[in-house]
Amino acid sequence: MIRGFDKVRDLLAGFPFKLLALIFAMAVLVPLGVVFIRAFGPATEAWAAVVEYRLSGYVWQTLLLVSLVTVIALVAGIPTAWIISAYDFRGRAVLDWVLLLPLAMPAFVAAAAYVDLLGKLTPFYIWVRQEWGIDAFLRLQVIVPWVFATGILGMTLFPYVYLSCRAIFARQSAAAIDAARLLGESGAGVFFRVALPMARPAIVAGGSLVVMESMNDYGVVSLFGLVPLTPGVFRAWGEGEVVVAMRLALFLMFFLTVVLTIERWQRGNRVFGEGSGGGRLMRVQLGWKKTLAVWGVCISPVIFGFFLPVWRLLGWCWDARGAGWFAGHWEAAWNSFSLAGGSVVLLLGGALVLVAVQRAYGSRVILVAQKICLLGYGLPSALIAVGVGAFVVFLARNVPGAAVLVLSTSVFGLMLAYFVRFLAVAIQPLAAGFDQVTDDLREAARLLGSSRLGSMWRVDLPLVRPALLAGATLCFVDAFKELTLTLVLRPFDFETLATRIYRFTDEGRVAEAALPGMALVTLCLAGLFPLSALMKRLER
Amino acid sequence: MSLLEVNGISKTYRRGDTAALDDISFCLEAEHILALVGASGSGKTTMLRILAGLETPDAGEVLLNGKVIAGLGRGDSARSSGIGMVFQNHALFPHLSVKKNVLFGVRKMPRDKKQKLLGELLELVGLRGMAERFPHELSGGECQRVALARALAPDPNLLLLDEPFSSLDMRLREAVRDETREILRARGTAAIFVTHDTEDSLAVADRIVVMKDGRVQQHGAPQEVYHAPANPYVATFFGSCNFLPFRLLGSLERARVSCHVGPPAGADGESGLWIRPEHLLLVKPPAAEGGLCGEVVRVSFAGSHQRVFLKCSGGLSLEVCHSQGFPVEVGQNWGIVPVRRD
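So the protein lines, in turn, are chains A and B. All letters in the first sequence, in the order written, are residues 1 to 540 by our numbering. All letters in the second sequence, in the order written, are residues 1 to 342 by our numbering.
Okay, chain A solo, but in the shape it has when bound (with noise of 0.2 Å):
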């Protein structure tokens, strides 16, 4: 009788959090829901033609791309993990910093850079044509499309292989790393018998970012004329077959989903390693002559994905200077900057609830509504937004009232895409500064005569401040720099910068992109610092 009684008043413990928790988790599910229900509906004959005409090259074009992508940026960012981990060198800080920068270079600002090389580059074909004949030329024209876009994307995207591996050869294979210095094994060896094999798990963990990513790339892919699924799907969305764009959506998704797994499996592996702290690595001291061929692979990754779009860019703005300036931009950045921030607000606001108030109450309920809001990162953002698009014309028509939310001043469809795309970005910073606070010191709290979310007041939301401002961080950065979903779902005439420099390169008016990219970049410099500084106590 009486343990009944203790049952139903933990469960109603917090109850309206628990509610607000099931709410994110159901926001989170309806675009999938709606792209599911939606695409096993009746075909059209729309569909019929696009398996007939298109639907094997979107695929292809796919699966070329990633796996293009994913090897430049192993390839880029492994050995640079290395470097920096396991050598000592002249300017190894700045390199350390340096290798960061990509990050903070979208890839459709730095497909800006280079789209207009394109144009320049017929010279070289005129002389491929009469040395080679015509079809080596022809067969040029459709590679070196794909060269820049695979180069670019993979340029800018290195960086979540380098960070990963890095964290994982500098502190998890330390111990064996030493080991197998002292029984006589030589620099390569030790990476290719011993660092590599144990850092798979941190290269799958990285890789299946660059997978991501790559996948989801609507700007870069479609700037160079390439057509894999992603903008596939907003083809079909745009021509008003919504069905046709749902399927190649759930397309999309079933390749994510095979990534997502692997990465899944093979963390599940990540048996060796783990115990085997025992201190830092330590560093070989190299020579000049080594020292110099370690920078020219360090950097040369940094300037074709950072330092040589920069250059052209600031050389663009220079060339404008004068000219109105920024005078058009100034409606596109605060639209950027306040959608920004309201998604920032928001954010946080569910990342909190569903973190701390999880922890406040250790409640299971709130446990699987974040779990299920862990999983938005991982849904297509092509899918997002056709789900979300389709989900808010369902809502004006059927809903008594819900017309405005269609209305050209509506941001509604998408903050609720921003929520979905982007919420696992603010949990998981958040969820790892809780992890710092243990049951000790709330309990202590708690027995000094703390109520539950005074202890939270008290006790964890000062020791997470840290943690909640990286959180913080890294939305606004995400959301300024935000591009796919913001062209499908943008209510008419309304441009964020992220639009305005697609649209602008797209037009061929590079060098009006130059302005609004360079801010773009210089906001994402400054998200770069609060990364860095979690880096730095994740590593410790």
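Hints were generated in silico from the structure; no laboratory data involved. Hints may be right or wrong, so weigh each one.
As the list claims (entries may be wrong) - If you anchor each label on the Cβ, the simulated ranges turn out as follows:
1. B:Gly82 with A:Gly341: 39 to 49 Å
2. A:Leu260 with B:Gly82: 50 to 60 Å
3. B:Asp213 with A:Gln436: 32 to 42 Å
4. A:Leu469 with B:Glu61: 44 to 54 Å
5. B:Asn7 with A:Gly341: 38 to 48 Å
6. A:Val59 with B:Ser167: 55 to 65 Å
Unchecked claim - Going by beta-carbon spacing under 10 Å, a handful of chain A positions derived as facing chain B:
7. Leu256
8. Val258
9. Thr261
10. Ile262
11. Glu263
12. Ala432
13. Thr438
14. Asp440
15. Ala445
16. Arg458
17. Val459
Just so you know, even glycine gets a beta-carbon here, dropped at the ideal spot from N, CA and C.
Chain B: place on chain A using the hints.
Just chain B now, with coordinates in the frame of chain A:
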């Protein structure tokens, strides 16, 4: 009336598992210190957490000053009933200064009174002038003292300490242990502390509750628990103890043995005597016809005495605490007789 009464507390974590606590009862007088002793997994920490209101028991009740503070359906009421706790790793709030840590649980008190209380407590634990320090600037012993001051600040009726000395190194440990005892005595605060260290419990506690597998094995004063253990487990838990089966003791010896401890039964039911190593003497081999003899297999030096391990006839192994000065070496044969107690 006892300050604290624990009546028949039981707790099972998962249905079907063996009970973490099985019908635990004991009581505590005002101003006394009680030690809950047991190996890990014995349920002592669970018991402490129930007293603190951090867990609810499945059956039984806890009375503090005659009022039920924990029992079925009582939830968190222990928190409002004046029970303080010192955590194993101190659980100091890392973002708060010593002052704010100590005063965390003190509310509704005018500022000057708070200041006075802080001064008193810091004086008591010997941390005067450290009010503005932060936990990371303190040594292990200092952290322990802050934790103690923090738990004492709301003036609890009963203080709980969870393995309070286990995170300190050996030398510090003894000093902090005696200090803590003095502080509790000075404040007249009753306390219960959990430990797996028998030496800590013997040195600090007025009463000892020995637990094993969720049950109370013995409840008594330290001298009682040491000299008159209730069963073989308690006998061996508090320091090494030899078991001499009657079949190996001559009838003569049997009559002489007055220094045995505990019940006349071994762990496997054989009847015999429990004797601590310090109650055995080494004598010249032909000392007693039919008496106990053994070959020395190992000798280890322990400062004030030597621990001599012997192998006797009948497969019996004995430990003798040898402090008589004459040399003993491996391979020698010695007779073994109990100390005569007058």
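Okay, the hints, checked on the actual structure:
About 48 Å separates the C-beta atoms of B:Gly82 and A:Gly341, a value consistent with the hinted range of 39 to 49 Å. Our hint of 50 to 60 Å for A:Leu260 and B:Gly82 holds, since their Cβ atoms are close to 52 Å apart. Our hint of 32 to 42 Å for B:Asp213 and A:Gln436 holds, since their Cβ atoms are close to 35 Å apart. The beta-carbon spacing between A:Leu469 and B:Glu61, approximately 47 Å, falls within the hinted interval of 44 to 54 Å.
One distance hint, 38 to 48 Å for the beta-carbon pair B:Asn7 and A:Gly341, is violated here, with the actual separation near 59 Å. Distance hint for A:Val59 and B:Ser167: a CB-CB separation of about 59 Å, consistent with the stated range 55 to 65 Å. Annotation: interface hint on A:Leu256 violated; nearest CB of chain B at approximately 38 Å, more than 10 Å. Annotation: interface hint on A:Val258 violated; nearest CB of chain B at approximately 37 Å, more than 10 Å.
Using the Cβ-Cβ criterion of 10 Å, the hint placing A:Thr261 at the interface with chain B is not satisfied: the shortest such distance is roughly 31 Å. Because the beta carbon of A:Ile262 sits about 34 Å from the nearest beta carbon in chain B, more than 10 Å, this interface hint is broken. Annotation: interface hint on A:Glu263 violated; nearest CB of chain B at approximately 32 Å, more than 10 Å. For A:Ala432, the interface hint is violated, the least distance from its beta-carbon to any beta-carbon of chain B being 16 Å, above 10 Å.
A cut of 10 Å between beta carbons decides the hint on A:Thr438: the least distance to chain B is about 7 Å, and the hint holds. The restraint placing A:Asp440 at the interface with chain B holds, with a minimum CB-CB distance near 4 Å, inside the 10 Å limit. Evaluation of the A:Ala445 hint against chain B yields a held restraint, the C-beta minimum of about 7 Å falling below 10 Å. A distance limit of 10 Å between C-beta atoms decides the matter here; for A:Arg458 the minimum to chain B is near 8 Å, and the interface restraint holds.
About 6 Å separates the beta-carbon of A:Val459 from the nearest beta-carbon of chain B, less than 10 Å, and the hint is met.
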